[in-house]
Structure formats: structure tokens, C-alpha cells
Amino acid sequence: MIRTPLRPLARILEARSRGENPDAIERENIRLRHEEMRDRARRRAEGRLLVLAVFFFCAFSLVGGRMAVLAQSEPGEPRTSVAGASILAQRADIVDRQGRILATNFDTHSLYAQPEDMIDPEHAADKLVEIFPDLDRARLIRDFTGTRKFLWIKKKISPEQQQAVHDIGEPGLLFGPREMRLYPNGSLAAHVLGGASFGREGVHAAEVVGVAGIEKFFDERLRDPARAHQPLTLSLDLSVQAAMERVLHGGMKIMNAKGAAGILMEVDTGEVVAVASLPDFDPNDRPAAPTEGNPDDSPLFNRAVQGVYELGSVFKVFSVAQALELGLVNPDTMVNTQSPMQWGKFRIRDFRNYGPELSVTKVIVKSSNVGTARIAVDIGAARQRDFLDQLGFMQASPLEITEASGSAPLLPKNWSELSTMTISYGHGLSTSPMHLAAAYATIANGGRQVTPTLLHDASRTPGARVISETTADAMRHMMRKVVSEGTASFGEVPGYAVGGKTGTADKPKARGGGYYDDKVIATFASIFPAHDPKYVLIVTLDEPVETSGDEPRRTAGWTAVPVAAEIIRRVAPLMGLRPEIEPADLAAIRRTSN
Amino acid sequence: MMRSLLYVLTALAVIGLAFWAYRENYRTQEAQAEAQHLQNAIGDARARLRVLNAEWAYLNRPDRLMDLVELNYDKLGLLPLQPYQFGRIDQVAFPAPPELPITNPVDVSNPEQQP
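Protein sequence lines, in the order shown, are assigned to chains H and F.
Residue 597 is where the first sequence starts when you use our numbering, and the numbers rise one by one after that.
Residue 123 is where the second sequence starts when you use our numbering, and the numbers rise one by one after that.
Hint data in this document are derived by calculation from the structure and do not stem from the laboratory.
Where hints are given, some of them may not hold.
[Stated by the list, open to error] These stretches of chain F come out as covered by chain H in the derived footprint (C-beta under 8 Å, 3 or more residues): (1) 163-175; (2) 180-191; (3) 198-205.
From the three backbone atoms N, C-alpha and C, an ideal C-beta is built for every residue, glycine too.
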């Protein structure tokens, strides 16, 4: 760079000759130089600012553009990651204790229409009515030619139907993929499974939500994508359930009952092996809930869990067990059974008069209301209430289906001494058969509390003790005697030593005001084998009547007991229970000397 | 002289590296495409397995088996399991020789190999 000198000699000499101050020239030159330096510095700064502005503009454009692309593009599956193995289906399968499928998913299609794209709506409507006879032709044409832009025609169609619709060749008829819930066993265990339907729906997918039973209770668990590949294992056994439903159905028809319920439960764990309620329904095609009439006439009604009834004499077992536990009586104590028994205005009478007194064992074997009531008076209301609470009769059943929360027992408002007496033989307290099964399991397993459950789980802690082993053992002996020499003589199944207690309760009239004379609920609560109980079986028949004799018989001994015996005969071998010779009563062996 | 040789070598190295980088890129894309193809195949196989499982459960439903047992009673004579059918170990005959192995299995999980 060529710098101009501050004091150019030519101009200084010239200035000196004219008598001017040469320093002025130098100052002027310094000023010019400073101006030039300032301009250069400004240009450079401006250039840098421009570069930075361009840089930031590009950076922000890039970020913004990328965001727009991410927001607009369809999400794609990662191509390089390891197989997303776990997500198989929208909803986990439900299987029985041996892994056999009770509910699974099935890929199918839904059919919808976009009338704007339709070429020949009338032809399409004709053909659709041929394929789906339940569609209304006039309505389809109205929808296709109207102002609608979109309509669903069918929620689920089979592959054959899809092909038939495809063959119409109408571009305005479209299919959307659907995952549907399939219950391959039809009506088997329908009340446990409940059913499922579609929740929010889109063209490409739809939610499958449980609407009843265990599908609704475990809806969150079944829909959890993290656990969709792990099936939910129930405690039910498919073949046992099928055998029980078949026998129960036959028994219901023979006994002319309008409904029936059966529960088979493991006594140690409380796992329900089979639970049936008849009449039943097909969960693949769940009927609509009834809007009028008695809810328990609907096949949707679960008699085993939702049906709270006064179950009658099956409750005597609990009164006697408590009296034994409290030490008030022993099995041979004689109890006054003079019938009728007068209590204030009320009379308690037996089915027939059993004489002035019976031993406690005989009270159970012959099912004496009077004898049980006298025992209950000694127990008292407060203690009876506590005991029934420990057996689980005061709350809704904890079973894992949504209907169970509605099974709260009906308790007397005022637990008076009279209530104590009626409850001791099963009147004045309405509970579901599931409550009864859990309470009988407690006696059968040696006195430990049982929580009924539908989940199969090997590890479970034993419940709190309610009665002692000795009491439970005495009760098992009494229940065995009910079958071997008492009211349930039809319940004998060779090799399985059935024990139990019958209960025949008059049905209360729907609008109050007493009980029907000719409508009963017959219940048989049984345990088998009685010397080492493994299972509890409850059979309840609604309004049975046995007509083979001269006059109609309605007692449980003639109706529920034979059905229960046949169920035991059928299901015990299925569960791998060998018939055994009952161990003889040790009390009969006596040392003698002479 | 030395400098121009350096230039030529550098240019050759750039060409070589570019060739290598492109080749690796194409191989990666090929591997990704194959992985995706396999994923799709796995997904399809799983979907087919679900259908087969559902069908198996449907064909083995107790109602149908009961009907089949009744239809074929003359040939099979099957009855529900009864308590007296439990036997003791010394009632069982010595086992017969095993059946011949299956030599022509049909793979139903892969549609391409189905006959």
C-alpha cells in the first residue's frame, strides 16, 4: 500500500514561499488519513454483520424446515433397529390355566363408503343387500345419493364378504383394517369373559375395549402395549368348564329350573376352576342389555356372582362352626329342637318335627332350623356378624370381573336377635353363590380365609385363620354325614367322599310381602373328597321342580344334589383326582381286653 | 516434480476414498432393505400364526369335539372320562414300539412351501 507522506516536500516549499504555515498541511493530511481508516473499519464491520445474518438465517431456516418436515410426514417404522418383537396385537390374549385360548384377536376389515366417489349407487346398494341381507336398500340409496361424504356400512366383515364386495367393482366402497376380538369357544365361560366392542374408530384402526366381565376389569392391563404379548392366564380350566356347563344345562332342563349357577373352586388358593351361569350368551355377539323386565331373566345376568339370594340352610354350617369354635357346643351336645319354636310374635318351624332334641351333628344332618336358631341365640348378634364378616359375607365379592362390584350382599338393617336366628339358617341375609363358595372353601381348607380369584398364580400366601383345624375337621365330618346319611343322600359319588349341605330357600316375592309357596332356590354346597378336601362345588338351581314322584318335589336334596353329584362324577377325573377309598373313622377302633 | 506427484497421489486417494464410501453406503442400504424385508416377513408370519392359533382353538372348541365324538361313536367309542378308568401302574401293558416318524412334514407357517 502506498502511503501518502504527511509532509510532502513540494507543497511545504510552496507554502513556505507563500509565507503560510506548513503544519496546516500536515494536520490536513492526518485528518484525511483518519477518515479513510474509519471508513474501512466500518465497511469491514458491516461485512461481518452481513455474514453473520446470512449464517443465522440459514440455520433458522434449516431448523424450521426440519420441524415442518417432521410435522408433515407420515411416521415410519425404524428400519435398522432390532425386531420390535413385543407388539403383536392391540390386545393381549386370554388363556385358561393350561394355555388354551379363551379370547384372541383376529384381523378383519370394516366396510365404509364415500358416496362422492360412487359411480352407480343403485347397483351398489342392490349388490350390498344381496351380500348383507340385514341392510336396508332404500336407506342405502338415500345415504349414497345424499349429501353425506362418508358412512360406515359394516363394522366387521369376513374375508368372503370382503371379496364379494370387492367384486361389485364400486370405487366408492372401501375397506379399513380392523382387529376384532374373537372368542373361539362360543358361549363357554361367557359370563367371565364378558365381551368387547370398538371404542374410538378411525378408517385405519379402531380401539378394542372390554365391555363386561374380565375384559372390562383388566381393560388397562390387556391394552397395555408393553404386556400385549403376555397372555392373561385365568384359573379356569376349559374342559372342566365345558363339562360343568353341559351337566348343569342338562340338570336345569331335567329339574325344570329357569336358571342355574355352578362354581367349582380350589379350597387352598381360592382359584375358580369353573364358574357357570345359565342361561348364557355368545360373547362374540353380545346381546343388548335389557331395558325392561326383571334383570335376572336376561342371559347377561351372572347368577353365580351378581345373583344375591337368601340361600337357606347352607348357612347352618357357619352357625355350628362358630359355636364349635367358641366352645359353646361339641358335635354330640344335645340341642332342643321342639318345633315350632315361639320367639315373640314369630314362629320358627322345621320341615318336619324332629322330636324334642337332637345332637349338634344331627341338627346339621337333618337340617333343623329350630336347633340352629337355638345355637345362634347363644352366639349372639355381634359375634355372628363378626364371624360372617371374616368369612367375607359383608362386602361385595373381590372376584376380578366388573359385575362382582355390584354383588354387595343384602344385610338386615337392624341386626336383632330375631335376625341372628333367621340368618343362622340362611334367611334375612342375601349373598351370591360366589360368597358361599369362598366361605365353604375356608371350612374345607382347615380354617383359613379364602379370596376368590380368577387368576392362575402359583405363589399365594395363605389367608388369616378364621377357625381352628379341629373345628374345620369336625365340620367336615358333619358335612360328610349329610351326604352319607342325611338330606343329600343323592350326592354320593363312589370314590370321592362328597360332603356338603343342602339349602332350599323360598323365593321372596318381587314386590315384597312374604315368600312364594311354590318357588324356591335350591342350593347344594359340597366339598370333595371330605377327608382331605381339594375342591368346593356350589350348585344353585332357580325355581327347580322335580316331577317324577306323585307330588312335585322342590327340596335341594331332590334337585340340586343329583346335579352336583353328576358334575363331580364328570369333572373330578378331568382334574386328575383319583377315586380313593375313604379312610375309616378312627374313633371306631377301640382296644378291648377281657 | 515432487509437488506434482503429490497432487496426483492426493487426487487418486480422494477417488479411492469416494469409491469406498459409496460402496459402503450402497451396502448399508442393501442391508437395511433386507432387514426391512425380513421384518415384514416376520410380521406376516406372526399374523399367520395368530390366525392359525385362533383356528386351532376354534376347531378344538369343546362343543365341536363333543359333536365329533357323537358322530364317530361307532368307530371310536369315546365316552366322558369316568372315575373307574383310573388304573394302577401294574395294569398297564409294556409299551408298543414307537410309531414310524413323520418324514414329510407340512410347514403351515410359510405359505411359499405349502403344497
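Checklist entry - Counting residues of the region 198-205 of chain F with a beta carbon closer than 8 Å to any beta carbon of chain H, are there 3 or more? => result Holds, because 4 residues of the region 198-205 of chain F bring their Cβ atoms closer than 8 Å to Cβ atoms of chain H.
Checklist entry - Holds or violated: the region 180-191 of chain F covered by chain H, criterion of 3 or more residues with Cβ-Cβ distance under 8 Å? => result Coverage by chain H holds here, the residue count being 6 at a Cβ distance below 8 Å.
Checklist entry - How does the coverage statement for the region 163-175 of chain F fare against chain H, requiring three or more residues with Cβ below 8 Å from a Cβ of that chain? => result Result for this restraint: holds, n = 6.
Violated hints are absent here; each numbered hint is respected by the structure.
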